[in-house]
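**Q** Start from the sequences, fold in the hints, and give me the full structure.
Protein chains in written order, with this note's numbering: chain A, 1 to 378; chain B, 379 to 1015.
Since the hints were derived computationally from the structure, they do not count as laboratory data.
Calculated Cβ distances over 10 Å to all of chain B for the following chain A residues: (1) His19; (2) Gly33; (3) Val34; (4) Thr56; (5) Thr68; (6) Leu84; (7) Ala86; (8) Leu90; (9) Leu95; (10) Thr97; (11) Leu148; (12) Ala159; (13) Ala200; (14) Gly204; (15) Ala206; (16) Ile208.
SDA-like mimics (lysine to any residue), calculated; alpha carbons at most 25 Å apart, straight line: (17) A/Lys58 x B/Glu525; (18) A/Lys58 x B/Ala523; (19) A/Lys58 x B/Gln528.
Backbone N, C-alpha and C define an ideal beta-carbon position, used for all residues, glycine too.
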Amino acid sequence: MGVATATFVETFRGREWRHFDVQLLLYVLLLIGVGIVMGFSAGYNDPSAAGGMTQTVKTLIWAAIGLTLFFVAASVDYHWLRTLAAPIYLVVLGLLTLTMLVGTNLFGAQMSVTVAGLDFQLSEVSKVLMIVVLATFLSARRERIGRLSTILVAAALMAIPTLLVFRQPDLGTALVFVGILVGMLFMSGASLGWMGLVVAGVLGAAPIVVSMLQEYQRQRLFCFLDPYADPQGACYQLVQALNAVGSGGWLGRGLTVGGESQRGYIPVQSTDFIFTVVAEDLGFVGSIVVLALFGFLLWRVLLIGWQAGDAFGMLIAVGLATMILVQLLINVGMVIGMMPVTGIPLPFITYGGSSLISLLFGMGILQSIRMRSHKPTL
Amino acid sequence: MADLNDGRLDLRRSSARFIAFGIVTAIFLTVLGGRLFQLQVVSGGEYARRAAADRTVDVPLPAPRGLIFDREGRPLAVNTPSWTVNVRPADLPDARTGRILARVARLTGADAGVMRERLDAFRGSPYDLVPVERGVGREAALLLAEEAEQLPGIVVEVEPIRRYLDETGEPVGALLSHVVGYTGPVSREELTTLEPEGYLRADVIGRSGIEASFESDLRGRYGMQRVERDPSGRLLKVIEIAREPEPGTNLMLTVDARVQRLVTRALEWGMEAADVSQGVTVVMNPQTGEILAMVSLPAYENNKFAAGISVEDFNVYLADPDRPLRNHAISDIYPPGSTYKLVTGIAAMEEGVTTASREWPTYACYQIPGAPEGECLFDWNRQGFGPLAMVDAFAKSSDTFFYQMAIATGVDPLAEWAHDLGFGERSGIRLPGEEPGIIASTEWARRQGRAGVFTGEVAQAGIGQNVIAVTPLQVLNAYAAVANGGRLMRPMIVRGETDASGALVREFEPEVIRTLAADPATLHTMRVGAREVITSGHAYNIRDLDLPGALSGKTGTAEFGELTPDGTLPFHSWFVAYLPSAAGATDAELAVVSFSYSAVVPGNVSAEVVKYFLQLYYELDEDLRLDPNDFSLVTAN
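**A** Put into structure tokens, the structure is as follows:
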């Protein structure tokens, strides 16, 4: 009898639940809570009716869906994902191609992916699924891990979805894909020399990527170098974000009291620029608390990776850690003028169902890894 | 080497790399924290000051554009609330652009591809609003507002758009499109010159017709308000209105939309009957120069422009060989044919070449003086008419008579009298795109690099052929000046300013360009001749119309182009007429010119158009229109 039956039975016995990582769940819930409070604060003075309230309600609904997925994923043995890696990869390509086709309006509006009023962004879930695909591939390389072919095949696997999201055009997600690839290759034990060469090559291609961008994307991209060069034009948003963050001071101006970032219904503000609200309303202390929560969370994720029962689990954990870290760096870095403005959600905090549900699904897989890491292998 | 996998076939796990990963993570988080400390704690005060200063901004308040009414107070150009779908690119998530536009397209019935094109074509700040669909209905605008939360980056704004109406109030702008014109968005290139004058991005400006020539009056003066805004540039509340907008001036045209309709009906009928592709008919009050109707066919629908014309629609207009966007009454020049004999007649009498009573021989073919024997110019009937004096020569339109007049007068005096009657110069009507036309003279020939004008050309110029080119409005205005006793009036298209209901509050004065230099007796002779054209000339049964006056006028044709298979040349046909109380009187209050381009049916279709118009205008019971097969009963000269 195979692994399958045993795992199935054990799931029902619930032996693993003793190893459930409560800290991981706690940090996640705290970050979601920060997101809800900040989203409410950002939308509080919304002149276009009760946007703040519906946003809060929606986030709660998404969190509930996400947590359900979290527990389902936790209770299933994550090794199942390895068996499914090939179909998962095809699904990712399918989803992204679908998004692109819908994006260019080939089939009209009927294919708009709206489930129960929730506008689903397929690139979000693709990130988590691609981590599984890469983990499957890398963990099977074993003694061949140090070869150049490892890097090239992994890069090729990642290249297709990366180009698809880049074409959308979603530069931010493309960057996250690249970050995940680098992080997982590094932790898989791939050759540092070969990686260095490939990274150098990719950096050499950067000007080509920049030349493929829309003019406004390019302007926005390089604002961070000198935001006050064009404060009314392309860099307007960044200048305003810096003003908002800066005026937060030590302790912030308080929730919903109407500061720089407290102005009505601003979609970008409750999504990509949500950290300006955190920084302005809660000040330096609040910002550091939020950064610390991310720090604790990353610590738990890495710990789970370290203790994982096998390389497959370890690589999934590392991939998720990289994803969260890269998004955090890009998003917060952008708001405080250290990174180009690309538009990417801040994990758990940014208002948006697809990001939140995908992340909670990923955290569920982590719990599954954690709960099965102390189990003797068959 | 740490191996936590008990020697199984699995990847080795490197503790060094785990530690490195953790350290890098910690460094990144520390850097973020350090930058936050610098921004918030070290420079916090500075940013707070900047934030406060950035919060208020001056925003222009557009003034409502002036309305346009016809002379009876019927609205012809109005502002209707319309909803415009804008995109603020910065707020539009890149990855969802396609789906959001598709959704907007479904709610508004617009074309997502076209919206995408307009968005992609935009080259400005991503915080600008890019109008992607104008003229959206109220229902669709409400639906968009309901889904606002699912449509980030989509901003629906109310903005008035122009709606052009016909005489019944229906939104049919084609009736008056060449007069009223249309507005269009200001382009980015124009903005550099227009911005100092107060034009805004995505502003509109008159592009054609009255909308263009009275742009500064219609536009009014934009106001200014100080508002508080949010970091995304969204307006939150108005702090104060620094300057109230001044609405644009409402204008009343001299045109009567009902008359315009009758003229259009008559011209459309004639053009269809004679298979003519371009036609012009203009009606004027000769006493004041007021244009009562100005029809140029084919016309275009200016409402299409008001809502932002699509490239396809615009290309259809551009590709049309009959150039529907042009006002043929003022923007195109044609040989005037025999209608020009008015000029030659006046010139010959004023220069002492002939008197009203002196008879001249006419010929089947007139030998050009100085040319080789046999090089002659035919009279139109190829027989001649025997000896004729001015009135009969004008009535019978004898070409050989006027060849002699032109040659004896000389090309330069002929040109001077033409200029006196308004040819070769713009009339100054307040419509854009007027052409001055071409009048042959020695100076004109020198500009062509020639020593002078050939005698044959002078003869041809005397009957309005060959090198003479005029606008239909010039022909009408010259006859109107003769009809009113010698005042060349500035053609008026705007009668005055009105209040918002279309009641006249300020009337513009008619303007005399000049009093004709010709002796009043000379003009009287020409008026009698013009009456004779109708009564004894070859205008056929138009004399039988039961009109409240003594219709006077002149036919004309001008051959041009290449021989048709049956050996004839296509020709333009003209008919110009005015209606005084009696022959020779100067009290006419109605003058009309009709022009048909490239008729292939023999005869003068323009005379039929004027006849039909007069029947409609005076509500005559009898229909004297000829069957198109019988058009040739009115000789084409």
